[in-house]
Amino acid sequence: MPNYKKEFSKIYDKYIDKIYRFIFLKVNSQEIAQDLCSETFINAWEKFKEEKIDNNQAFLYKIARNLVIDHYRDKGRTQIVSADNLPIIDSKTSLAEKAIFSSDIELIKKEIANLKDDYQNVIIWHYLDDLSICEVAELLGRSKEATRVLLHRALESLRGTIAERNKSGIFTS
Amino acid sequence: MQEKDLICKIKELRKIKPTQDWAVFTKERILGETSQTRTWISVLEFLPRLAYKHNKLAFASFIVFALVAGAFGFAQNSLPGDPIFILKKITEKSREALTSEQDLARVQLGFANKRLEELNEIARTNQVKKMAPAIQEFQTNVSKAAENLSRAKNPNVKEIVLETKKIMESKERVEALGVVIGGTENLDSAILELLEREIKDLQVRTLTEEQQNIFRGAVKDFEDGNYAGALEKIILLTNPQD
Chain A
1 MPNYKKEFSK IYDKYIDKIY RFIFLKVNSQ EIAQDLCSET FINAWEKFKE EKIDNNQAFL
61 YKIARNLVID HYRDKGRTQI VSADNLPIID SKTSLAEKAI FSSDIELIKK EIANLKDDYQ
121 NVIIWHYLDD LSICEVAELL GRSKEATRVL LHRALESLRG TIAERNKSGI FTS
Chain B
1 MQEKDLICKI KELRKIKPTQ DWAVFTKERI LGETSQTRTW ISVLEFLPRL AYKHNKLAFA
61 SFIVFALVAG AFGFAQNSLP GDPIFILKKI TEKSREALTS EQDLARVQLG FANKRLEELN
121 EIARTNQVKK MAPAIQEFQT NVSKAAENLS RAKNPNVKEI VLETKKIMES KERVEALGVV
181 IGGTENLDSA ILELLEREIK DLQVRTLTEE QQNIFRGAVK DFEDGNYAGA LEKIILLTNP
241 QD
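These protein sequences, in sequence, are chains A and B. Heads up: the first sequence at position 43 corresponds to 43 in this note's numbering, and the numbers run straight through without jumps. Heads up: the second sequence at position 20 corresponds to 20 in this note's numbering, and the numbers run straight through without jumps.
It is worth saying that the hints were derived from the structure and are not from the lab. Be aware that one or more of the hints could be misleading.
Think about it this way: if two alpha-carbon atoms lie no more than 20 Å apart in a straight line, the pair counts; the simulated SDA-like pairs of lysine to any residue are [claimed, not checked]:
{"no.": "1", "chain 1": "B", "residue 1": "K4", "chain 2": "A", "residue 2": "Y127"}
{"no.": "2", "chain 1": "A", "residue 1": "K49", "chain 2": "B", "residue 2": "T125"}
{"no.": "3", "chain 1": "B", "residue 1": "K27", "chain 2": "A", "residue 2": "E31"}
{"no.": "4", "chain 1": "A", "residue 1": "K62", "chain 2": "A", "residue 2": "E50"}
{"no.": "5", "chain 1": "A", "residue 1": "K49", "chain 2": "B", "residue 2": "R124"}
{"no.": "6", "chain 1": "B", "residue 1": "K17", "chain 2": "A", "residue 2": "D130"}
{"no.": "7", "chain 1": "B", "residue 1": "K9", "chain 2": "A", "residue 2": "R159"}
{"no.": "8", "chain 1": "A", "residue 1": "K6", "chain 2": "B", "residue 2": "E28"}
{"no.": "9", "chain 1": "A", "residue 1": "K52", "chain 2": "B", "residue 2": "E169"}
{"no.": "10", "chain 1": "B", "residue 1": "K9", "chain 2": "A", "residue 2": "S157"}
{"no.": "11", "chain 1": "B", "residue 1": "K200", "chain 2": "B", "residue 2": "Q102"}
{"no.": "12", "chain 1": "A", "residue 1": "K10", "chain 2": "B", "residue 2": "R124"}
Which stretches of chain B does chain A cover? Using the computed rule of at least three CB atoms under 8 Å from a CB of chain A, they are [said to hold, decoys possible]:
{"no.": "13", "region": "16 to 26"}
{"no.": "14", "region": "119 to 127"}
No residue lacks a Cβ here, since even glycine has one placed at the ideal position from N, Cα and C.
Based on the sequences and whatever the hints tell you, model everything.
Laid out in structure tokens, this is it:
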């Protein structure tokens, strides 16, 4: 089994950031993201030893998605907002700008977690993981056209929730 | 917020990453590399101190020993057909030499299972040249195991059956990849012999009423050709704690 380990080690290194981020943006908690992410790779490793996986990326995302679904099913769709969220601040900006910028990003992060599952997936895969529309369509099992429409709707939905927050004064752009 | 701004800000979320420590620790935990990595780190830390404290001869001996041990360790990951596979065989031969006759068949069945894992790896990675030596090694291990099983007076039936089951499952998996491994008739007949011996042995033992019922079931299964069923019942009788 030595080569399995080597092969899987490479896969782990290649996808750990993406899978962690994918889960983190859905559960919005570092602790839960770590648990589900390690479970994803444990399940993948078990399967990997038994059979050949054609598309590692799609395979990992599928496990991660199912685990997140199971997690919310168990928790009765409770939104968990943890105090240990990662700070995301651009080092080039001034202190005041940093505060506004950071709050923008934090809000987007939280609002993504509140989107519908398919909206979350399409945004994460296309804008964060740089997957082409074609690749996203394959992962979602939809046509390219339907995926484009879904992406557009996902962005509109995200923009809408952020605008609502703006109106209520919680968010300042 | 404009769509362009929103996309820009979404892309900022790329900065979300797991902590390095957690990622490394999790990988080690999944792949079981902790002990190996730490052993190497501690050896590397230890070497310079050793060279400083002891004379050159001792240090040279240590290096030679480390290289030999390293070569043997490295060989454990080799496949049949690899030049260093011979070192792996030497390790297995040494283990056989240190094993009692009663346990030899089980150990050799374990080696046969290893050969199947290697065959699986060879088939997956399409290393055609290594296929024939790997099948040959598997058949040799199985033949030796069967031979020793026939010879063993009091083998651990449960362990033997478990290893054999594992072999059959792995064999099926490898054959599903299109590899023709060949039959294991000699192992099958050795298991049958073992079953017959166990039945004869139990016939003269004092059994409780419940055990007698199980035994009668085992004999019936054996006569009907349901050897798996008979073995299960024999294991129940020979390992009552299970």
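Here is what the structure says about each hint:
| no. | hint | verdict |
| --- | --- | --- |
| 1 | K4/B with Y127/A | holds, 12 Å |
| 2 | K49/A with T125/B | holds, 13 Å |
| 3 | K27/B with E31/A | holds, 17 Å |
| 4 | K62/A with E50/A | holds, 17 Å |
| 5 | K49/A with R124/B | holds, 11 Å |
| 6 | K17/B with D130/A | holds, 16 Å |
| 7 | K9/B with R159/A | holds, 12 Å |
| 8 | K6/A with E28/B | holds, 12 Å |
| 9 | K52/A with E169/B | holds, 17 Å |
| 10 | K9/B with S157/A | holds, 15 Å |
| 11 | K200/B with Q102/B | holds, 19 Å |
| 12 | K10/A with R124/B | holds, 17 Å |
| 13 | 16 to 26 | holds (count 6) |
| 14 | 119 to 127 | holds (count 3) |
In the structure shown, no violation is registered for any of the earlier numbered hints.
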